[in-house]
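2 protein chains.
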Amino acid sequence: MMKRRIAEILRSSQPDETVTVRGWVRTKRELKEFAFIEVNDGSSMANLQVVLDRSLPDYEDLLKPLNTGASVEVTGTVVESPAKGQRIELKASAIALYGESDPETYPLQKKRHSFEFLRTIGHLRSRTNTLGAVFRVRNAASHAIHQFFQERGFLWMHTPIITASDCEGAGEMLAVTSLDLNNVPRSEDGAIDYTNDFFGKPAYLTVSGQLEAEVMAMAFSNVYTFGPTFRAENSNTSRHLAEFWMVEPEMAFCDLTEDMDLAEAFLKYVFKSVLENCPEDMEFFNKRIDDSVLATADNIINNEFERITYTEAIKYLEKASKKFEFPVEWGLDLQSEHERYLAEELFKKPAIVTDYPIEIKAFYMRLNDDNKTVAAMDILAPKIGEIVGGSQREERLDVLERRIREQGLNPENYWWYLDLRRYGTVPHAGFGLGFERLVQFMTGMTNIRDVIPFPRAPLSIDF
Amino acid sequence: MMKRRIAEILRSSQPDETVTVRGWVRTKRELKEFAFIEVNDGSSMANLQVVLDRSLPDYEDLLKPLNTGASVEVTGTVVESPAKGQRIELKASAIALYGESDPETYPLQKKRHSFEFLRTIGHLRSRTNTLGAVFRVRNAASHAIHQFFQERGFLWMHTPIITASDCEGAGEMLAVTSLDLNNVPRSEDGAIDYTNDFFGKPAYLTVSGQLEAEVMAMAFSNVYTFGPTFRAENSNTSRHLAEFWMVEPEMAFCDLTEDMDLAEAFLKYVFKSVLENCPEDMEFFNKRIDDSVLATADNIINNEFERITYTEAIKYLEKASKKFEFPVEWGLDLQSEHERYLAEELFKKPAIVTDYPIEIKAFYMRLNDDNKTVAAMDILAPKIGEIVGGSQREERLDVLERRIREQGLNPENYWWYLDLRRYGTVPHAGFGLGFERLVQFMTGMTNIRDVIPFPRAPLSIDF
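In order, the protein sequence lines correspond to chains A and B.
Taking the UniProt record's numbering, the leading residue of the first sequence gets 1, the next gets one more, and so forth.
Taking the UniProt record's numbering, the leading residue of the second sequence gets 1, the next gets one more, and so forth.
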């Protein structure tokens, strides 16, 4: 028997019903004849307003400890609320206090706190309206992601967190070790002796599950990963985390067009699902954080994404009357300002740019017939720039081996990845989506550290 | 437009329908008038039998490369199958080869391979019947876990992977660092200087998300984690992994009885859901891996779990006629043989043992009024022993502080965890389930390395 939650009571309880709720006091307001206590249990943005009548036995003693943050169980009768903006309220017949919250020391008082301050109390900040809404939306988006893929027969695959390989040859990895750092063992030639390290060789935190997802797609056709990934980038910005969650579907028998179709359907689905499941929270963001988030969601859901090649994108950018900070030239990567111009100003909706120059993309992307571009695609969104990056993968053994070598990597380290092309290779494609970027995009939250419960960044590992 | 999968075709396609499938050849059998090609796309255990008629143009050339592991696209007409055990087969009108698979070198031939051997080809082993079934069951169980909690209003919370705290004070953690191991920086007193490490202090891979889940439960009431956790235990056994997935729900306003109720409902739900969604795979395990898995699932789903205290359990064990290897005495922890005796032989169904001696359990478990036991619970299952471990958490600030000190830990390191008891503390409880153990239990697979796609264990970090 599950206990009733406030969200459900606010939605469906009828006058005269007797209900019991449990939650935390948000505010207390004393009037002459009664007091109002706003109680929240995290199930919704809205509080349940509890009315304490002065006629209650021990009214003063009951009321005294009901400060912001205190935990209570309230039993009472549902009554229609005379107040605006709430259908019902609860006339208390009994109140039990679980735990007090000293108003002299409790850090969360009624006033508005800065997000910077809230990050220093990461163990309490989820009790605020904004962070509460963020993590409800985060959960709704997470579940929508699973629903989307499971409905389509994709299998959720748990790819490894600790790895000896470096997906993109990009460096920036955090090392994992059981060696005693006070006394790192050396072999005779002075090199670090990893034989006594836990894995017997250098190990790192993964930057992507893609290569392993390809392994699984070659057995199950359609799979996806949804798990933590890591970057040791020393960038202390509002857009980077050392630990973040990534979604990476991988599909066998799939080309770049089908990859784009899936990514577009995916984004529409997740936005739609969040709007349906968290309407109050989304309205809150629109009102208090960024007044364009509902319009943005609407834009994503109701527009066919524009699709252009990188070469076309460069032409558009060259013709633009706008002055860009970074140069525009075929062969150079698009910068955030270029991406935003295309999506926000030129097309006024998401745009998918395809077929990037080979020099600026990873070795595993499929070489096009022009020998100059690869079958990559990035989805650029208004306000945020790149939100999805994907590609058709190089499935031809000889081309892939050559490209690995061209990047200065050793094909031997990729023997198992190459085996996928040796035995029953198929055209396949996939994409990656940084989950926190998506939540930022949905909610309008400007700092990525405010959309993950316990952010990890340079010098930041509290809680 | 998603392509059709073999599972769906086998289930619902009707004779005379024209269909196209894509997959990998499992076997080829040549007869006089035609050849049979078994094609699998990972959507089901069952293959689609493709019939190649000798009258097809270029029959010999088409047939030649269709070896085990080759990838193909087949278009044809669905016909009723005269063969036993399959409703339909596909009469091919066109076959296109995507990729060959040289029968001289492809490691997966028709014969049965040992699981040890398959682990050496982790990038190919999912293409076998057994591993294919394992990962379909793993996905179905994963999704059932999300469904169970989401249906009940629990929020999925992503707790941190990299942490500076050690949940249980248990040690056995893997370190995460960006320091140059060739040249570990020292401060003046000779100690390691972590100021230039990525996080500015020693960092580790988490052993549990519980403490952070408690933080979130104090804001959202009901939450769960489902993510990777780590142990550096140097035990090279069939039951341990260095990296494994754990499910940890945490509920505010919840006592030990409600915690047990939830855990029991949870296990029943997940088993039921897997039986419904993977009936063929489960039958395969029962037939080929362990002939008790269906009876075990049935036992879990249809029996009310026995509930006894640890003190009662000790009495039962003392009275048992069975000889145990390890001593039975109040105060000693239950060993696997004791756990299995209780579940398998005495009760013949899952048993929940509660109220363990304080000395053998973690500091955060709630002290009972007898001052000798804590409100812990372990679910013991036939065949496997402990499958779930949970507890009501100590919500009283003074008791918790004392218990932290008694374990030789420093309360200052737990300041934020203690704050949860300082501000609006509530009775709360939760449990943990090692996901791979659950999948082992469901499938009967004896080695835990065969139920996770890419196992991580001492000296083992391939792929």
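No wet-lab data here; the hints were simulated from the structure.
Any given hint could turn out to be false.
If chains are identical, the list can't say which one is meant, so a pair holds when it fits in one copy or spans any two.
[What the hints assert, rightly or not] Straight line, CA to CA, 25 Å or less: simulated SDA-like cross-link-like pairs of lysine to any residue:
hint: 1; residue 1: LYS3; residue 2: HIS143
hint: 2; residue 1: LYS372; residue 2: GLY389
hint: 3; residue 1: LYS64; residue 2: PHE253
hint: 4; residue 1: LYS84; residue 2: GLU30
hint: 5; residue 1: LYS110; residue 2: LYS272
Results of checking the hints against the structure:
In this assembly of identical chains, LYS3 and HIS143 lie within 25 Å of each other by CA distance both inside one copy and across copies; the values are 22 Å within and 24 Å between. Taking the shortest Cα distances, LYS372 and GLY389 sit within 25 Å of each other inside one copy (19 Å), while across copies they are farther apart (57 Å). For the identical chains of this complex, LYS64 and PHE253 are inter-copy neighbours only, at 22 Å across copies versus 67 Å inside a copy, given an alpha-carbon limit of 25 Å. Taking CA atoms no more than 25 Å apart as the test, LYS84 paired with GLU30 passes inside one copy only; the shortest distance there is 18 Å, against 79 Å between copies.
For the homomeric pair LYS110 and LYS272, neither the shortest alpha-carbon distance inside one copy (33 Å) nor that between copies (47 Å) is at most 25 Å.
Checked against the numbered hints above, the structure violates only hint 5.
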